[in-house]
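Participant: Build out the structure end to end from the sequences listed, making use of the hints.
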Amino acid sequence: MIAPSILSADFARLADEVAAVKGPPGRGADWLHVDVMDAHFVPNLTLGLPVVQSLLATTDLPLDCHLMIENPDRWAIAYAEAGSYNVTVHVEAADDPVMLAKNLRAAGAKAGLAIKPGTPLEPYVEVLKHYDTLLVMSVEPGFGGQKFIADVLDKVRTARTMVDTGHLNLVVEIDGGINTDTIEEAAEAGVDCFVAGSAVYAAADPAQAVEGLRSQVETRSAHTER
Numbered sequence: 001m002i003a004p005s006i007l008s009a010d011f012a013r014l015a016d017e018v019a020a021v022k023g024p025p026g027r028g029a030d031w032l033h034v035d036v037m038d039a040h041f042v043p044n045l046t047l048g049l050p051v052v053q054s055l056l057a058t059t060d061l062p063l064d065c066h067l068m069i070e071n072p073d074r075w076a077i078a079y080a081e082a083g084s085y086n087v088t089v090h091v092e093a094a095d096d097p098v099m100l101a102k103n104l105r106a107a108g109a110k111a112g113l114a115i116k117p118g119t120p121l122e123p124y125v126e127v128l129k130h131y132d133t134l135l136v137m138s139v140e141p142g143f144g145g146q147k148f149i150a151d152v153l154d155k156v157r158t159a160r161t162m163v164d165t166g167h168l169n170l171v172v173e174i175d176g177g178i179n180t181d182t183i184e185e186a187a188e189a190g191v192d193c194f195v196a197g198s199a200v201y202a203a204a205d206p207a208q209a210v211e212g213l214r215s216q217v218e219t220r221s222a223h224t225e226r
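So the sequence shown is numbered by the numbering used here: it starts at 1 and just counts up by one.
Keep in mind that the hints were calculated from the coordinates and are not lab data. Using N, Cα and C, we set each Cβ at its ideal position, and we do this for glycine too. Heads up, a few of these hints could be off.
Per label pair, the in silico range of CB-to-CB distance [claimed, not checked]:
1) ALA57 - PRO24: 33 to 41 Å
2) GLU70 - ALA106: 16 to 24 Å
3) THR161 - GLU184: 36 to 44 Å
4) ALA78 - GLU184: 12 to 20 Å
5) ASP164 - ASN44: 15 to 23 Å
Computed cross-link-like contacts, DSS-like style, restricted to lysine-lysine with a CA-CA straight-line distance of at most 27 Å [claimed, not checked]:
6) LYS129 - LYS22
7) LYS102 - LYS116
8) LYS129 - LYS116
9) LYS129 - LYS110
10) LYS102 - LYS129
Facilitator: Written as structure tokens, this is what we have:
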């Protein structure tokens, strides 16, 4: 799955930018990745619930809301209640991640847990049994356009093994520095969903860029199966 990140979109034309990645059925964006930053948990400020509500009224793409905020136990539920498909919180910020996952699901969303590049996976395996998505950050959260940190792929491989052996039941997602140079390496490690910002929105045709990234993954998978 490909999830274009609107962090790299033109905020003055947000509805048009969202429409630009939809593409033909089965080839355009699968999810729309929405980065919510509060200038506290990360040193940047982006958008919040009112913008998400506006987006939900203008697109039928599933919204994948990545909350880089303090106190997600208090604020995350509103994003689920608004109609977001997947709401991801950071394990480093959540006070009670298990209860938060239950509350997000009860509010109608899938529950996602994000882990920074320097945060180990192993202490949170039991917590992840309550989640639908694991978001492995391959850059430090807070800004778009950063260089891909390949070392995090060890966490992806560990999570992939746990999913394949039935210890976890979730989507493995990666966010940060994903482009035509890095997506195949991430796919080989076991990623299911790729968040791509500038690789999509810096292209002349964002929908074609999405299709190109998907084709790279599909081609790599076909070669691997042979």
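Participant: Hint by hint, say whether it matches the structure.
Facilitator: Here is how each hint holds up against the structure:
At roughly 23 Å, the beta-carbon separation of ALA57 and PRO24 lies outside the given 33 to 41 Å, and the hint is violated. Restraint check, GLU70 to ALA106: a C-beta distance of roughly 22 Å satisfies the suggested window 16 to 24 Å. One distance hint, 36 to 44 Å for the beta-carbon pair THR161 and GLU184, is violated here, with the actual separation near 19 Å. In this structure the hint that ALA78 and GLU184 lie 12 to 20 Å apart at CB is violated, the actual value being about 37 Å.
With their beta carbons about 35 Å apart, ASP164 and ASN44 fall outside the hinted range of 15 to 23 Å. Straight-line distance between C-alpha atoms of LYS129 and LYS22 comes to about 31 Å, which puts the hinted pair past the 27 Å bound. Using a Cα cut-off of 27 Å, the hinted pair LYS102 and LYS116 holds, with the two alpha carbons roughly 22 Å apart. Under the criterion of a C-alpha separation no larger than 27 Å, the hint pairing LYS129 with LYS116 is consistent with the structure, at around 19 Å.
At roughly 13 Å between alpha-carbon atoms, LYS129 and LYS110 fall within 27 Å of each other, so this suggested pair holds. For the suggested pair LYS102 and LYS129, the alpha carbons sit about 11 Å apart, so the restraint of at most 27 Å is met.
Hints 1, 3, 4, 5 and 6, counting from the list given before, are not met by this structure.
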